[in-house]
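Trainee: Chain by chain, the residues run as shown.
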Amino acid sequence: MLRKAGGIEAMKLLPQFFHSSLGKKYIMAITGLGMLAFVAVHLTGNLQIFLGPEVLDAYAHGLHRAEELLWVIRVCLLVFIGLHISMAVVLTLGNRAARPIPYERSRLPGASHAARTMIWSGSMVAVFVAYHLLHHSAKAQVSLTGHDFATFQTTLADGTTCHDVFRMVVAGFSQPVVSVFYIVGVGLLCHHLSHGIEAAFQSLGLRNRVWDAAVRKLASGAAWLLFVGYASIPVAVACGYGREALN
Amino acid sequence: MHLSLRVWRQKSASAFGRFETYEARNVSADMSLLEMLDEVNEDLIASGGEPIAFDSDCREGICGACSVVIDGVPHGSRHGTTACQLHLRHFKDGDTITLEPWRARPFPVIKDLVVDRHAFDRIIQAGGYVSVKTGGAPDGNAIPIPKTDVDRAMDAAVCIGCGACVAACKNASAMLFVASKVSHLSLLPQGRVERERRVLAMVRAMDDAGFGACTVTGSCEAVCPKNIRIDVIARMNREYGRALLKAGFVE
Amino acid sequence: MPLDAHIPSGPLESKWERHKSDLGLVHPRHKRKYDVLVVGSGLSGAAAAATLAELGYRVKCFCFQDSARRAHSIAAQGGINAAKNCCNDGDSVSRLFRDTIKGGDFRSREANVYRLAQISAAIIDQCVAQGVPFAREYGGLLENRSFGGAQVSRTFYVRGQTGQQLLLGAYQALSRQISLGNARMFTRTEMLDLVVIDGQAKGIVVRDLVSGEIASHAGDAVVLATGGYANMFYLSTNAKGCNATAVWRAYRRGAVFANPCFTQIHPTCIPVSDEHQCKLTLMSESLRNDGRVWVPRRREDCAKAPGSIPEEDRDYYLERKYPSFGNLAPRDIASRATKEVCDAGRGVGPGGLGVYLDFGDAIRQMGIERMRERYGNLFEMYERIRGENAYEVPMRMYPAMHYTMGGLWVDYHLMSNLQGLFVIGEANFSDHGANRLGASGLMQGLADGYFILPYTIGHYFASGRPSKAPANHPGFAAAETEVKARLARLLSVQGKRTVTSFHRELGRLLWNDCGMTRSEAGLREALRRIPELRAEFWGDVKVSGSGGELNQDLERANQVADYLELSELVCRDALMRRESCGGHFRTESVTEDGEAKRDDAQFAFVAAWEFRGEDREPMLHKEPLEYEEARMSTRSYR
Numbered sequence: 001m002l003r004k005a006g007g008i009e010a011m012k013l014l015p016q017f018f019h020s021s022l023g024k025k026y027i028m029a030i031t032g033l034g035m036l037a038f039v040a041v042h043l044t045g046n047l048q049i050f051l052g053p054e055v056l057d058a059y060a061h062g063l064h065r066a067e068e069l070l071w072v073i074r075v076c077l078l079v080f081i082g083l084h085i086s087m088a089v090v091l092t093l094g095n096r097a098a099r100p101i102p103y104e105r106s107r108l109p110g111a112s113h114a115a116r117t118m119i120w121s122g123s124m125v126a127v128f129v130a131y132h133l134l135h136h137s138a139k140a141q142v143s144l145t146g147h148d149f150a151t152f153q154t155t156l157a158d159g160t161t162c163h164d165v166f167r168m169v170v171a172g173f174s175q176p177v178v179s180v181f182y183i184v185g186v187g188l189l190c191h192h193l194s195h196g197i198e199a200a201f202q203s204l205g206l207r208n209r210v211w212d213a214a215v216r217k218l219a220s221g222a223a224w225l226l227f228v229g230y231a232s233i234p235v236a237v238a239c240g241y242g243r244e245a246l247n
Numbered sequence: 001m002h003l004s005l006r007v008w009r010q011k012s013a014s015a016f017g018r019f020e021t022y023e024a025r026n027v028s029a030d031m032s033l034l035e036m037l038d039e040v041n042e043d044l045i046a047s048g049g050e051p052i053a054f055d056s057d058c059r060e061g062i063c064g065a066c067s068v069v070i071d072g073v074p075h076g077s078r079h080g081t082t083a084c085q086l087h088l089r090h091f092k093d094g095d096t097i098t099l100e101p102w103r104a105r106p107f108p109v110i111k112d113l114v115v116d117r118h119a120f121d122r123i124i125q126a127g128g129y130v131s132v133k134t135g136g137a138p139d140g141n142a143i144p145i146p147k148t149d150v151d152r153a154m155d156a157a158v159c160i161g162c163g164a165c166v167a168a169c170k171n172a173s174a175m176l177f178v179a180s181k182v183s184h185l186s187l188l189p190q191g192r193v194e195r196e197r198r199v200l201a202m203v204r205a206m207d208d209a210g211f212g213a214c215t216v217t218g219s220c221e222a223v224c225p226k227n228i229r230i231d232v233i234a235r236m237n238r239e240y241g242r243a244l245l246k247a248g249f250v251e
Numbered sequence: 001m002p003l004d005a006h007i008p009s010g011p012l013e014s015k016w017e018r019h020k021s022d023l024g025l026v027h028p029r030h031k032r033k034y035d036v037l038v039v040g041s042g043l044s045g046a047a048a049a050a051t052l053a054e055l056g057y058r059v060k061c062f063c064f065q066d067s068a069r070r071a072h073s074i075a076a077q078g079g080i081n082a083a084k085n086c087c088n089d090g091d092s093v094s095r096l097f098r099d100t101i102k103g104g105d106f107r108s109r110e111a112n113v114y115r116l117a118q119i120s121a122a123i124i125d126q127c128v129a130q131g132v133p134f135a136r137e138y139g140g141l142l143e144n145r146s147f148g149g150a151q152v153s154r155t156f157y158v159r160g161q162t163g164q165q166l167l168l169g170a171y172q173a174l175s176r177q178i179s180l181g182n183a184r185m186f187t188r189t190e191m192l193d194l195v196v197i198d199g200q201a202k203g204i205v206v207r208d209l210v211s212g213e214i215a216s217h218a219g220d221a222v223v224l225a226t227g228g229y230a231n232m233f234y235l236s237t238n239a240k241g242c243n244a245t246a247v248w249r250a251y252r253r254g255a256v257f258a259n260p261c262f263t264q265i266h267p268t269c270i271p272v273s274d275e276h277q278c279k280l281t282l283m284s285e286s287l288r289n290d291g292r293v294w295v296p297r298r299r300e301d302c303a304k305a306p307g308s309i310p311e312e313d314r315d316y317y318l319e320r321k322y323p324s325f326g327n328l329a330p331r332d333i334a335s336r337a338t339k340e341v342c343d344a345g346r347g348v349g350p351g352g353l354g355v356y357l358d359f360g361d362a363i364r365q366m367g368i369e370r371m372r373e374r375y376g377n378l379f380e381m382y383e384r385i386r387g388e389n390a391y392e393v394p395m396r397m398y399p400a401m402h403y404t405m406g407g408l409w410v411d412y413h414l415m416s417n418l419q420g421l422f423v424i425g426e427a428n429f430s431d432h433g434a435n436r437l438g439a440s441g442l443m444q445g446l447a448d449g450y451f452i453l454p455y456t457i458g459h460y461f462a463s464g465r466p467s468k469a470p471a472n473h474p475g476f477a478a479a480e481t482e483v484k485a486r487l488a489r490l491l492s493v494q495g496k497r498t499v500t501s502f503h504r505e506l507g508r509l510l511w512n513d514c515g516m517t518r519s520e521a522g523l524r525e526a527l528r529r530i531p532e533l534r535a536e537f538w539g540d541v542k543v544s545g546s547g548g549e550l551n552q553d554l555e556r557a558n559q560v561a562d563y564l565e566l567s568e569l570v571c572r573d574a575l576m577r578r579e580s581c582g583g584h585f586r587t588e589s590v591t592e593d594g595e596a597k598r599d600d601a602q603f604a605f606v607a608a609w610e611f612r613g614e615d616r617e618p619m620l621h622k623e624p625l626e627y628e629e630a631r632m633s634t635r636s637y638r
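Just so you know, the protein sequences line up as chains A, B and C, in that order. Take the first sequence: its position 235, counting from 1, is numbered 235 in our numbering, and each next residue is one higher. Take the second sequence: its position 204, counting from 1, is numbered 204 in our numbering, and each next residue is one higher. Take the third sequence: its position 189, counting from 1, is numbered 189 in our numbering, and each next residue is one higher.
Keep in mind that the hints were calculated from the coordinates and are not lab data. C-beta: ideal position from N, C-alpha, C; glycine also. There could be a bad hint or two in this list.
On the chain C side, residues computed to face chain B include the following (Cβ under 7 Å) [stated by the list, open to error]: (1) Asp66; (2) Arg69; (3) Gln126; (4) Pro133; (5) Leu141; (6) Gln172; (7) Ile178; (8) Ser179; (9) Gly241; (10) Ser308; (11) Ser544; (12) Gly545; (13) Ser546; (14) Gly548; (15) Asp553; (16) Arg556.
EDC-like, lysine to aspartate or glutamate: derived pairs with alpha carbons at most 20 Å apart [unchecked claim]: (17) C/Lys496 / C/Asp540; (18) B/Lys11 / A/Glu104; (19) A/Lys12 / B/Asp208.
In silico negatives: residues of chain B with every beta carbon more than 10 Å from chain C [as the list claims (entries may be wrong)]: (20) His2; (21) Glu20; (22) Cys63; (23) Phe91; (24) Thr96; (25) Lys111; (26) Arg204; (27) Arg242.
Only chain A is shown next, with the shape it has when bound in the complex (with noise of 0.2 Å):
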């Protein structure tokens, strides 16, 4: 039997959900969001090298024992990234049909630099993002380092040997190049999270006239403290430290 409710039939709810302008705007919301909250889980990893090589190795030789967990976390990011770009490609699309013709002057008032490039910023995070994992696949680095990343093992404190993340890290980030474009690449998300967090809670609800101010401070400061976590490694590699290391 169907039900009706609210003049729909409630088996249709869900292409009706995934139909509507709205409906998609809460995908890119709830992909958005889950997408900053790794973004953010992973900062506090990366973080960890200021703790020294020892807390860095440990941590990322745990995570990778947790590899059930690891892979439940990588399908949930592409299925997540997968939702979030196509429904961005649609959106974008049926918006640039509902203005066939441009203006001859366009000022879009009111609207801030990067809510005007979404789409833009966000196509080079993800250029940016898959360079990001190919960094990682130890093949890649040769070239650019002249490190063979394979050749970096360490002995954890309990005896197991595994990558040498640390020492990675620091050779990856010690060629000015790749530093930069991290740099730039972190930058460009956040970029595009500064305008992305307030417009998720916007397209969730999740915010009226009280909250207003503290939504718009809670994204820029959310997107200004990625910044700084994610840039501050390259920088402090750059500034020479954990140099000893690749000695």
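Given chain A's structure and the hints, the job is docking chains B and C onto it.
Mentor: Positioned in the frame of chain A, the structure of chains B and C alone reads:
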């Protein structure tokens, strides 16, 4: 004052359009932009030309008929003002002003600066009302309504349906218009009865009309002549989520 | 032709209630057989179209705007009256009735006005149910403000946008009926003629303003809700598109026109700034709740900055002359008092045509925040137009043409003398007599549309009077041909003067000779000049473009052509009415202290004019006005 105008001229919906340049000489700073267009038209008619077609009616900023993009900004860059109330004192002598019609697929140009905004009527017809018949209404004081609720409802209800939000949005999204009506009615006990049905139906009508989606740029609130804020859009998003949840799980 | 108003017998208080139960009914199943054409989608038109469609009639609604939501009712700012006695200040149906009769200077029909007062409360309830966000107190109940011509607070309001919200309520109700398939909306469609077959209104001829196509629609009844003709004066507070073509075409088809000279001038409008101005903007009467009107006591102070003029050198002339009503004296009286002080050389601003509306005292008393809450949007509007901040400098105001009490004659059923032609809202003449009180126009429009016409139109159908006229009746083709010929004629003149130049000239002429004050000599001069101007128009007008496209110039030309005829009737009526009453002020009929002097012995009647052809003078019919309840007295607001 002397102003140069670059105006979009298009004979009919199917014709090709292009910009033409006109000179508005000896116009007074106290005139509104549309009064200046009236004057330009007087000259055009007298000299055998074809006057510029543009929509306007009340000329006091409330009917929502006027719809001109002035130098890239719907209704011009003065805050909270419709084109009919934009006075020339806000321009400089010798300025060149570009006038374009609203640009959006659901708002096809009819002629020159006149566009067809029926899509808005269809969205209201989809559910932008309270389903009460005439007669039989209870006393207006039967349900006390908190003043703050009424005030917020009115903040949204002031929408004049001009379409500047669509015209300004880089996606030609009608979210501010639709959300104004959804917010207005969902904030009042009278409108709350059918809030789920309303928001689902109006959003569907909005999407079907071919408007773009909201990317929260805020251009709509920047140009809204009635200063409606995008928190109404957040409210509509909330209403929408609520309606789906209720439809799916409560019923 | 005797004019029978069909006023039911019995005591005034129970006329409508009893009459409603005597009215004929149409069975719900049969209602689908009746087509009703509603012309105009303002408060009365949209309300009528929505309600008739709810009842089950097949409704077609027409408006010249691009959406039904844009009708000029939307611009009404201040509020809507209703006798709900929410303030416990002694209001009642009979008090609203008496205020309205007195405000109209005893030239309105008693039974109609009483019915209006009775219905008023239900209108508020209906609008609340539709979701109109009326102003409320912190306790959640409806709030009231005061308006001109009343000593009680009975005006319900929505900030300064009451008309907008009421209209949107009606528009939304109509939208719902459209979505249900009970009503069809024809936007950008202008009625250009009425089709009368065997003495019954059977349809209309319209022009599609986008394609220029002329078409006709057949119906069992035609409802005109097309508003007033104040735009005849060129400069008025009406929207640019408001026009008299529908009522004037109906008049030429046999509907009689009542009290055309009863026009209202609103005392507080933003003064004209230059000659290119195309319309005037009104500042709500509600501002006079807290604003005080004054001019300098001495002529030599007029050029000084208002702030530099000390209290004792200011003349608060409304408070001085009308102590009991003060700044809230009715519109006609306040307008004339303003004209008087300006004529005496004490006006302020360019040309001495202006008076101050000062909020200084109110701001000192209540604080700027409270003022902003009450009138914020009006102050902003003033700032946009004048470029002055009225929180600091007093506003400058001058009277302007605003409303027309006159209109097509209707009986108690709101039906004109033509069977099947109903006229509602400002387009009819019925309820406001010689002067309308503030916040009563919205009340009347909605009363007509929601609560009166839906009853009486059913009675007309049930009475078996209407005969079905087929849509292919030759009457339609004939009317279409006439319309086409007229438009073709307008386009073919190709003279030298623009439509606007004629309209401006007519407006100036009417403002001078048939405006705030009228004299025999002036009116005779106007009656001599108007036919000349009309001849010049048809010989020298230049209309651009063609008929087969969106052509705003042609639309205006057609409207101005009608004003050039209607204005003559207005002046003729003004000349005939050799008394002063309400907004009609004849310089020959004045009391010792300069107030309007009515002549009840000779002029206590509705003047209804019948068209008898182009070259014959219209014939005057008189419907006597008899008062059972209200006592005719000299109107005093002192």
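Trainee: Each of the hints needs a verdict: does it hold here or not?
Mentor: How the hints compare with the structure:
no.	hint	verdict
1	Asp66	6 Å, holds
2	Arg69	6 Å, holds
3	Gln126	5 Å, holds
4	Pro133	4 Å, holds
5	Leu141	5 Å, holds
6	Gln172	4 Å, holds
7	Ile178	5 Å, holds
8	Ser179	4 Å, holds
9	Gly241	5 Å, holds
10	Ser308	24 Å, violated
11	Ser544	5 Å, holds
12	Gly545	6 Å, holds
13	Ser546	10 Å, violated
14	Gly548	10 Å, violated
15	Asp553	6 Å, holds
16	Arg556	10 Å, violated
17	C/Lys496 / C/Asp540	6 Å, holds
18	B/Lys11 / A/Glu104	18 Å, holds
19	A/Lys12 / B/Asp208	16 Å, holds
20	His2	15 Å, holds
21	Glu20	15 Å, holds
22	Cys63	4 Å, violated
23	Phe91	13 Å, holds
24	Thr96	21 Å, holds
25	Lys111	5 Å, violated
26	Arg204	13 Å, holds
27	Arg242	19 Å, holds
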